[in-house]
Structure formats: structure tokens, C-alpha cells
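J.: Sequence:
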Amino acid sequence: MKYDALIIFIFGILNTISFSPYDFWPASIFSIFGLLVIINKYQYWKKIIFLGFIWGIGNFFSSIYWIYFSIYQFFELSFLISIFLVFVLSVYLSLYPMIFVLLLQYFCTHINLKRFLIGAPSIWFFTEFLRGKIFTGFPWLELGYSQIDGPLKGIAPIFGVSGISCIIIIISGLISLSWTKKEIFPLILSFSILIILYPLNFLKWYTFDKQYIKIALVQGNVPQSLYFDNNQVNLILKKYMQITEPFLKVSKIIIWPESAIPCYDIICDNFLMNLDRKLKLKNSILITGITSFYQSGYYNSIMLLGNDQSYEYNLKHKYNKHYLVPFGETLPIKNFFQPILKKFGIFIFSLQRGKYLQPQLNISNFHFTPSICYEIIFSEKIRNNVQSNTDFLLTISNDIWFGNTIGPWQHLQMARMRALETGKTLLRSSNNGITAIINPDGTLKSKLPQFVCDVLFEIISPSKGVTPYVFFGSMPIWIIVIIFFIYSIIYKFKLVELFEFFMKTR
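Numbering (the UniProt record's numbering), first residue to last: 1 to 506.
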């Protein structure tokens, strides 16, 4: 048992190298194979859930360790406390693979094809759904992201990243069945699924429009410490203006990153008004991140300047962030966590949430579906905001919180998946990188290096077309999952026999 715990922990760590910046896509299949093949050996509940939990610790602690950097650098806690808090988060996230193996053993006791073709993917999908919803949700690094450059990426425009995750579970499960039962058929079936699905990579769900537009994405590389210093506001604004100046009139649309304007809109009203007039004279439009103030509170926003409408305070043509970063922008379960954080001298300034569905940004007759930073990892949110006339996806971010870790690369990888799912070109401006333009097939058109002050200039065309995922979402998978659970519950609790008995006694 103790050796199995160590081995399954290593298999959990293995999953991390399937994601960026390592991008070794087979690792996710090997990792899930290791999880399933080891729990196949046990029948006792306690051992199974313990092993599922240990796999989760290996997986999550190795993949999100970089969060310590934010805690250590910006909350000024000790290194050990920072690592401990990341471990606590990993413990919470590990409850989901633990629930997965628990439900799998409960509903699919026998180790057979049904367990891995229907049971395992359905239960995995359900537990990942819960991870993306509970306590505001944290769907960071679903299995499917590992395939952004792999042979299963063609599933994304049809069933989304969750559909890829389900296929990985099926393939890994079949290999584990072949290993456990010493049978060749499940192994052949797993490779057959891989081969059959591979041609989906060559399907094209979009076409490029004949129109084109000049875009300049600005990467300011402003240290986060300056944002906390009110005396540096003018210095930061001056830096962004100097970088942007050569691209006024040359580029129709200029994009600044999240919180590029380091003050509330109500405070820098004059600056915004003057900038708006200057942009109109140069026939350019600026998309920028800013903190907005309304009567209901403060919002992390995207603002347009230089557009047809003249700037005025409380401008309606904004986008307000919906999914806020837990413990960064909002405090979940405030009554529980606030007293704890108070002991460490930490105060979380909670922003307000924007609406889930918001209008697109209409810029120079092009339609942009916007998101800010963390929101890009919520596939259903992006999908529900994309419309039939959407031309581009837009996301702005400030990944300086992640430092020189694997975090920004993981973030970029998930943005690439959104482009692939929707068949739309994605524009990404980040303060310190990775600023990039992503093609509708999820490949990188161009990007800037991290930690440089630079501008990414490109001439791009919008893509047209609607992918099956945008049209149906996860509904096809939900139908299979619901049928599985209904059938399993009926079978498990002998409701069929009860119904037959009732009919006989009528």
C-alpha cells in the first residue's frame, strides 16, 4: 500500500508535464493510466479514496505551486507560510479526484469495458464540473488542455476541452483494463479510438474574412510594486503613452493590458478625456484595462477610448469582469476566511462582479468578445458570450503576479484552447507577457517574449463560422452523463426489480 501511494503520487506529478511550458501531451494519458491501474487493485473504500487523494496532491501541488510567488511577494508572508497555503489549496482540489474514484468504485464495481467506456468519463466530467463551480470555481488545467498540440485537439471545436478530457479518461482506462486483465482487446480499442479521432485535427470550422485590421498589442512590463505606489501613476501613464505614440494613426486598434491605467476612472477623468480626444484626432481606438467605479462598487473593467462615442465618466460602453480571482479580487465565504486572514494582517479588497452575459465590444465595425485575465479559463462563459457575428476573442491580463514560473505559460495554453473551441482569432495583451495573437486553430500566430517592454503589431482578418461546441456547448456530454447516472442509480438500488414487482401487484 505505501509503495502504491508513492507511485500514484509520482503519477500525479507526471500530469503536470503534459501542460505548458513542457507540452509533453502523452504524460496526461500515462498519469491517468497510473491512477486507474492502481485503484483497480483495491476493493476497500478507504484505500481507494486515499489513493485518489494522493494522486490529486501530486497533480495539483506540482502544477499550481507557482501561486506561492503571489503570496510570498505581494502579501509579504514568509516562504513557509506561502508554501503551506498552496498545499492547503492543493488539498482542497484533491478532493475532486478523490470523489471521482469513490463514485467510480460505487457505480462501477466490476473492472470491465462499461467502467471505462461510460462510467469513468461520465464521473470525471461531473467532478470537473463541480471543481469549476464550487466556491466561484477553479477549473485550472483540465486534462484536455494537454492536447492543444496533441492528436486529440480536433475534438475541442466539437465537444470543448471537457470532451477531450473524457476521451483521455477512456483511452487511459482501456489501457489500465488491458494491464489489469492481461487482455489485448482493450489496448487495441484504445489505439483505435486515437487513430479514428486524429483526422478531426484537419477539419476547419471557420473561414477568414476578406477584411483586415491593423492591431497593436502593448506589453508595458510595469513592475507590480509601482501599481501599489500612488506617486508612480503619472510615470506609468507616461510610459504607456510613449510606447503607444509610434502606433497612433498607424494601427486602428491599440490594446493595453489589464489595469494598465493604475487609477480609478473617477480619479483620472481628465487624463481619459484628453486621451480620448487625441485618439480621435489620430483615428485610432484604445482598448485598456482600468478599475471602474459605480454606485454599487468597484469593477475590474475594459474601457474603449477614441471610439465613436465621446468619453464621459460612467461610460456605458465597458466590459466588467465577472469571474473574480478568489483571495485576490474577492473573498469567498467571507465570514469564515476574513477572521483568519486578519490574523496574518491580510485585507482583501473585494471588487464587484460584472454580469455573466455582457454585450460585445463593437470597435470599428468589428465585434470582440472580451474577458479579463482569469476568466479565459472558463470555457462555458466564453462560449455563452460568443455570438454569431463575433469576429475576435479579446483577453487582457496582468501575469506579473505569477513571476518567472510556469503559471503564465499555463494561462496562455488555456487561452489557446478558447480560440480552438470557438474558431476565433484571440488577441491577448499582458503586462509582462505572454502577449500573443492566437489563430482560430489554437496555434500561435505571433507572441512577445516575457519581461520585455514592447508592442506586437499585426495585420489580421476576422474569422467567420460557428463551431459545434459554440452551438451545442457541453449538452451532448451532459446527456450521456445524465443517462449514465440515472441508469446506475436504478441498477444500484434495484429500482428495476421494485418497478417490476409493483407492476405485478397491480
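Everything labelled a hint here was simulated from the structure, so no lab data went into it. Treat the hints loosely; a few may be bogus.
[Said to hold, decoys possible] Once the Cα atoms are required to be at most 27 Å apart in a straight line, the calculated BS3-like pairs of lysine-lysine come out as: (1) 46 x 464; (2) 46 x 214; (3) 318 x 464.
[What the hints assert, rightly or not] Label-pair restraints from in silico Cβ distances: (4) 365 x 245: 20 to 30 Å; (5) 356 x 267: 21 to 31 Å; (6) 187 x 337: 40 to 50 Å.
Ideal Cβ placement from N, Cα and C applies to all residues, glycine included.
J.: Confirm or reject each hint.
T.: Hint-by-hint comparison with the structure:
| no. | hint | in the structure |
| --- | --- | --- |
| 1 | 46 x 464 | violated (52 Å) |
| 2 | 46 x 214 | violated (59 Å) |
| 3 | 318 x 464 | holds (24 Å) |
| 4 | 365 x 245: 20 to 30 Å | holds (25 Å) |
| 5 | 356 x 267: 21 to 31 Å | holds (28 Å) |
| 6 | 187 x 337: 40 to 50 Å | holds (48 Å) |
Of the numbered hints listed earlier, those contradicted by the structure are 1, 2.
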